[in-house]
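Listed in order, the protein sequences are those of chains W and L.
So the first sequence is numbered by the working numbering: it starts at 1 and just counts up by one.
So the second sequence is numbered by the working numbering: it starts at 1 and just counts up by one.
Calculated from the structure, these hints are not laboratory results.
Just so you know, even glycine gets a beta-carbon here, dropped at the ideal spot from N, CA and C.
Hints may be right or wrong, so weigh each one.
Here are the in silico distance ranges between beta carbons for each label pair [unchecked claim]:
1) Q69(W) <-> V100(L): 22 to 28 angstroms
2) H242(W) <-> L95(L): 34 to 40 angstroms
3) G90(W) <-> A202(L): 32 to 38 angstroms
A short list of chain W residues far from chain L (calculated; beta carbon distances all over 10 angstroms) [claimed, not checked]:
4) Q69
5) R74
6) I164
7) E247
8) S355
9) T383
10) N391
11) T408
The primary structure of each chain is shown beneath.
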Amino acid sequence: MKSKIVKITGIAAAAALLAGGVTACTSGTAGNSSDSAAANAVTTLDFWGWVPGLEDLVTEWNTNNPDIQVTFHRMTGDDGTKVEAAVDAGAGPDIVQVSTHDLPSYIISGRVQDITAYVSDTESNFTPSSWASVTFNDAVYGVPQGVGPAATMYREDILAKYDIAVPTTWDEYLEAARKLHAANPKLYIANLSSSEIGQWMQEVQQAEGSWYGIDGDAWTVGVNDSASQQVAQRWQTLLDEHLVTTEQMWTPAYWSLVNKGTIATITYAAWFPVSLETNAPDTTGLWRVASMPKNTGSTYAGDSGGAADVVLKGAKNPEAAAKFISWLNGSDDTQEALITVGGLFPSTNSGLASSSLVQPVDFFGGHSINEVFVDAANNTPSTWVDGPNYNIAKTAVTDEFAKVIEGTETFAQALDNAQEATVSDLEAQGLSVSSSGE
Amino acid sequence: MTTVPRLVEGAQRPRRRKNAAGGKRLVPYLFIAPFLVLFAVFLVTPIFVALWNSLFSAQSLGLGFGGVQTVFVGLDNFIRAFVDSDFIASFGRVLLYGLVQVPVMMIFATALAMLFDSALVRGKRFFQFAVFLPYAIPGVIAALLWGFLYQPAVSPLLQGLQNLGISPDLLAPGTVLWSITNVSIWSYTGINMIILFSALQAIPREMFEAARLDGAGELRIAISIKLPMIAPAVMLTILSSIIGTLQLFNEPQVLKSVTSSISSDYTPNMAIYAASTLGKDSHLGSAMAIILGVVTLLISVVLLKSRSDSKEGVGD
Chain W
1 MKSKIVKITG IAAAAALLAG GVTACTSGTA GNSSDSAAAN AVTTLDFWGW
51 VPGLEDLVTE WNTNNPDIQV TFHRMTGDDG TKVEAAVDAG AGPDIVQVST
101 HDLPSYIISG RVQDITAYVS DTESNFTPSS WASVTFNDAV YGVPQGVGPA
151 ATMYREDILA KYDIAVPTTW DEYLEAARKL HAANPKLYIA NLSSSEIGQW
201 MQEVQQAEGS WYGIDGDAWT VGVNDSASQQ VAQRWQTLLD EHLVTTEQMW
251 TPAYWSLVNK GTIATITYAA WFPVSLETNA PDTTGLWRVA SMPKNTGSTY
301 AGDSGGAADV VLKGAKNPEA AAKFISWLNG SDDTQEALIT VGGLFPSTNS
351 GLASSSLVQP VDFFGGHSIN EVFVDAANNT PSTWVDGPNY NIAKTAVTDE
401 FAKVIEGTET FAQALDNAQE ATVSDLEAQG LSVSSSGE
Chain L
1 MTTVPRLVEG AQRPRRRKNA AGGKRLVPYL FIAPFLVLFA VFLVTPIFVA
51 LWNSLFSAQS LGLGFGGVQT VFVGLDNFIR AFVDSDFIAS FGRVLLYGLV
101 QVPVMMIFAT ALAMLFDSAL VRGKRFFQFA VFLPYAIPGV IAALLWGFLY
151 QPAVSPLLQG LQNLGISPDL LAPGTVLWSI TNVSIWSYTG INMIILFSAL
201 QAIPREMFEA ARLDGAGELR IAISIKLPMI APAVMLTILS SIIGTLQLFN
251 EPQVLKSVTS SISSDYTPNM AIYAASTLGK DSHLGSAMAI ILGVVTLLIS
301 VVLLKSRSDS KEGVGD
């Protein structure tokens, strides 16, 4: 009998240790990549990205550039989280599309290459704010691929029915919320999703706040800065007065609310209208777009962040890679495809001037909606700075906001907790954190 | 690791054999070599890599643009894990879940296995298949399916209940753990039922005849003969269920996308994922994984120990 116990304990031990091994698989540190010897004549580049229609643009490039051949891999699901492990294992692509919020963490961990020397010609076609989002410490680490200026999509029929004017300030927005819900208790001005960090960030940015900043040789953290407090107060009021629904965005339940016309406004980035059109077909023709409500005494709109193509550590020929991504994102020839097929809001001057940007959209009652987004892009404050542990801050904020929606803490407390978590993670990485920020 | 005692046992055997078959001693090792190699590469090595990793930390200076150095930090990562109240709370959560999920599932599995083993059930094959089928559905898909059924706006079940005037919120902070429990009971009852059923089938039929001759009814046979005879199988399934409990990941991770009631560190494995993959700190993640492994080991040993004690106490 004893031997049986020993045996079962052995099994238990093995099973338990298996749990211990889980993360070890992903934790390998940098290995030397040795894919293939440097090609003599033809450079081949692996490119991972998610923008629709990139396949066609890559084909076009390959036809015109026989010496630099690009293969494209469409990123889906959690491919984004795989990139870093792939780079560390020496099996990463040469070029990858990343959110600009994630860029500092890539730079600090040494997973991207400095391409300043190769992209100076391209810079002039990009808007200063988008170029700033790929520049750190005077070095350029990527080429911008679209930005996310925000505007408010609203149900014209609902607001008209209850005689509510489109709110132009956040104060009017609150009044509109009260009036709408009082007139029909089944209707709400908006949905507040604790997990949708972009909607939070665009309003913090609009209020000239930033999660991070640089103070000499140290980072500052502003997850609970005064701009965030201002936004927190706004949503705390809307939440406390039960003027918003609280479904998680992108869920069937959320789209059901949108399709049923329960929520009257959605404030989000320029890439959102396409999603709205796909997921709320019942509401075709009923939506319009207006500038997002303004803060008192300000004309600023917000932006939830853009993307960039970066050259990863393992790339053998960074110059060729930089040349390709400069063409892909900065060339006048590619703007129309990126805008119409890719659904990108351009980060280039030629893209912003492109006539394809202002086509009428049937879903929005035949109006050209991008003029509003162009206006927003031109009125975005340049205060936002991305920092090294964006993912930690984002996870902390969304976890804490969930508690706010549960009603177990306030937005103000949630911001303080997330601030603390973000600072302590930075310090655990050995980075300097200055408290002189906000 | 488990091979070491065997080696020692072998050495204590009579010498005669050993001398007679000097070269042949290699053969058994050749037979187990495929297993041993895979075991070493995919189980033992990762454990040591994780242990090694957990003692280091990636450190930068100033703004961090100067590069990253991996420095030895001793047990710092373990201390960070232990002072993380959310990580500790995640253990409490899965233990609470296990206290309900494992007994309920085992009672279902045992009762169903007994029913199928008895002569009472008609359409046995069909019902067995029906009970087993959920296990064939991958955990992620199962959680997605149930995720739909838990959302009032799209769930036919909840809409039906609403018509009756009942509108339960199955994704609220207080109820979501039991909604997860429901998914895993649904998923894993089948496989446990099959294991117990085959254990029942292995019982010599003469025993039932003997019991019937002694005047025992079906219920009495089930309780006094079948249950004790399949006790080892029950133990095995309980143990693997408890290990599964501590490793809970798929169901809450999927349901997280439809409810804000599940935090990113809801279960220990989710906290490890959040630290290593989202937080990009594989060193901290390794330390947390080792803590989870040790806790699992301790619980398994305590459970097995308590069973052997109680068995001695009964004294059959």
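**Asked** If you check each hint against the structure, which ones fail?
**Response** 1, 3, 7, 10 and 11
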